[in-house]
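*Asks:* Residue strings, one per chain:
There are 2 protein chains.
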Amino acid sequence: MQQWQRIRSISTVVLLVSILLLIWAAPATLLSVGLALLGALGCAGIFISIKEERKQLKAENRRQMIDLIGHYRHDWMNDIQLLFGYVTLKKYDKLNDCMDKIREKALQESGIAKLGIPSLVAFFVSFRLYYNALALELEMEEEINLASLPLDKEKVSHLVQMTVKLFNSLAIPSNDEPNILSVQFDLESEALVFDLIYQGGYDEVALRHEIKRILEFFTTKFATMEEEYTANQAVITIRLPFHH
Amino acid sequence: MQQWQRIRSISTVVLLVSILLLIWAAPATLLSVGLALLGALGCAGIFISIKEERKQLKAENRRQMIDLIGHYRHDWMNDIQLLFGYVTLKKYDKLNDCMDKIREKALQESGIAKLGIPSLVAFFVSFRLYYNALALELEMEEEINLASLPLDKEKVSHLVQMTVKLFNSLAIPSNDEPNILSVQFDLESEALVFDLIYQGGYDEVALRHEIKRILEFFTTKFATMEEEYTANQAVITIRLPFHH
Chain A
1 MQQWQRIRSI STVVLLVSIL LLIWAAPATL LSVGLALLGA LGCAGIFISI
51 KEERKQLKAE NRRQMIDLIG HYRHDWMNDI QLLFGYVTLK KYDKLNDCMD
101 KIREKALQES GIAKLGIPSL VAFFVSFRLY YNALALELEM EEEINLASLP
151 LDKEKVSHLV QMTVKLFNSL AIPSNDEPNI LSVQFDLESE ALVFDLIYQG
201 GYDEVALRHE IKRILEFFTT KFATMEEEYT ANQAVITIRL PFHH
Chain B
1 MQQWQRIRSI STVVLLVSIL LLIWAAPATL LSVGLALLGA LGCAGIFISI
51 KEERKQLKAE NRRQMIDLIG HYRHDWMNDI QLLFGYVTLK KYDKLNDCMD
101 KIREKALQES GIAKLGIPSL VAFFVSFRLY YNALALELEM EEEINLASLP
151 LDKEKVSHLV QMTVKLFNSL AIPSNDEPNI LSVQFDLESE ALVFDLIYQG
201 GYDEVALRHE IKRILEFFTT KFATMEEEYT ANQAVITIRL PFHH
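One line per chain: the protein sequences are A and B, in this order. Numbered according to the numbering used here, the first sequence spans residues 1 to 244. Numbered according to the numbering used here, the second sequence spans residues 1 to 244.
Keep in mind that the hints were calculated from the coordinates and are not lab data. Keep in mind the model is a prediction, meaning the values are calculated, not measured. Please note that the accuracy of each hint is not assured.
It does not matter which identical chain is meant; a pair holds if it fits inside one copy or across any two.
In silico DSS-like cross-links for lysine-lysine, where the CA-CA straight-line distance does not exceed 27 Å [unchecked claim]: (1) 153 <-> 51; (2) 153 <-> 105; (3) 91 <-> 55; (4) 155 <-> 51; (5) 101 <-> 90; (6) 105 <-> 90; (7) 90 <-> 221; (8) 114 <-> 91; (9) 101 <-> 51; (10) 58 <-> 212; (11) 91 <-> 105; (12) 165 <-> 58; (13) 165 <-> 55; (14) 55 <-> 153; (15) 165 <-> 105; (16) 105 <-> 94; (17) 101 <-> 91; (18) 51 <-> 165; (19) 165 <-> 114; (20) 114 <-> 155; (21) 55 <-> 155.
Work out the full structure: start from the sequences and follow the hints.
*Replies:* Written out as structure tokens, the structure is:
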């Protein structure tokens, strides 16, 4: 039995007991009986709403899963169609580059899955479903299991998600080149380094301001930052020192 | 605001009013104040359990999503590695077969997504995560949107899921050939035909018995069946006549 189930069972018993006591133990006035009925009605409503919410959540998750798989298939097929094209045209010399690109992508995705913090993995995996202003690229020099580091996992996940979403919201869509945000994690002996390299149009004033606010929210004890802004490029390096 | 949110808001107000009335309007005895406190405690517990359950569900859905994407990537990469192998060995004549296989698979998967009943699509998409006794193959002659047919969508979804799960539970695992269940939907002018062709070892007595029970559960008005059992093969054809 999970914790929430235990809490719910106990609470339900407490509510039932208090309603029954109100009917049997209190002087049987119209008021006490009415209040007991009102209480029972309220409880029934809460339980109905729990059931409905669960149904709703299940339907939403299904939809999300189906969308995600569709996006993935579409993405893979794009790369594969290119390969098929070269095969059909017998341009076999182009195949190696194409294969390298596919291999690298598969490696990148398997690296994401191994980051070890489920909320962060889910964020990266489903990023393209919800954010379209930039293309997100994860550069992984080596496999890093963030969950194994002496850092607050959920805070790391939260910080990464907030900064990536910030870039997405301040990117200026362009018809020429796609905006690209390259994200990289590196290990130092005493810290995790998280690099964001953005290429494309963006609102520099807002970015400077907002990124500072995010870092202040997490405090300098948790994270420090270096920033570099040029036309069409912004590079942010965030250093997260390990706890001791 | 969604329906469950409306129900929950109203119920919460009803509960609060009944608790407050118990304190202010009823004679202020130890019993009535105690009961009001007990009721409030129970309500607080229920709301805490709702929050915890939601967190739990979110974590589960994340895990499921990550697993699913991992399976998908692995699957695609298997097919692509084979293709890469032929390219590396310069066996270009083998590439066409390989490409056809990948294309057919992508078509099959996109056909699943277009079945139109989210619960059924999600079932097929995540089948391999939960059921391992057989390999499921969907044969789609043409694109069929089940949701557009004059049939009870959720009942169709339920029937399909129950029969597929039944085959999975009665399949006898084998080390030689994998067990294969091929599923096919066909449209007739007055009915949807749902074919299940199973190849592999299975418990015939149990299958005959259980499939009959499932069909009886759905009634002959909703679905009729033809069956054919031979050694290592079972063919079930289920006909679902349209409503009028």
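*Asks:* Tell me, which hint numbers fail for this structure?
*Replies:* 3, 7, 8, 9 and 10
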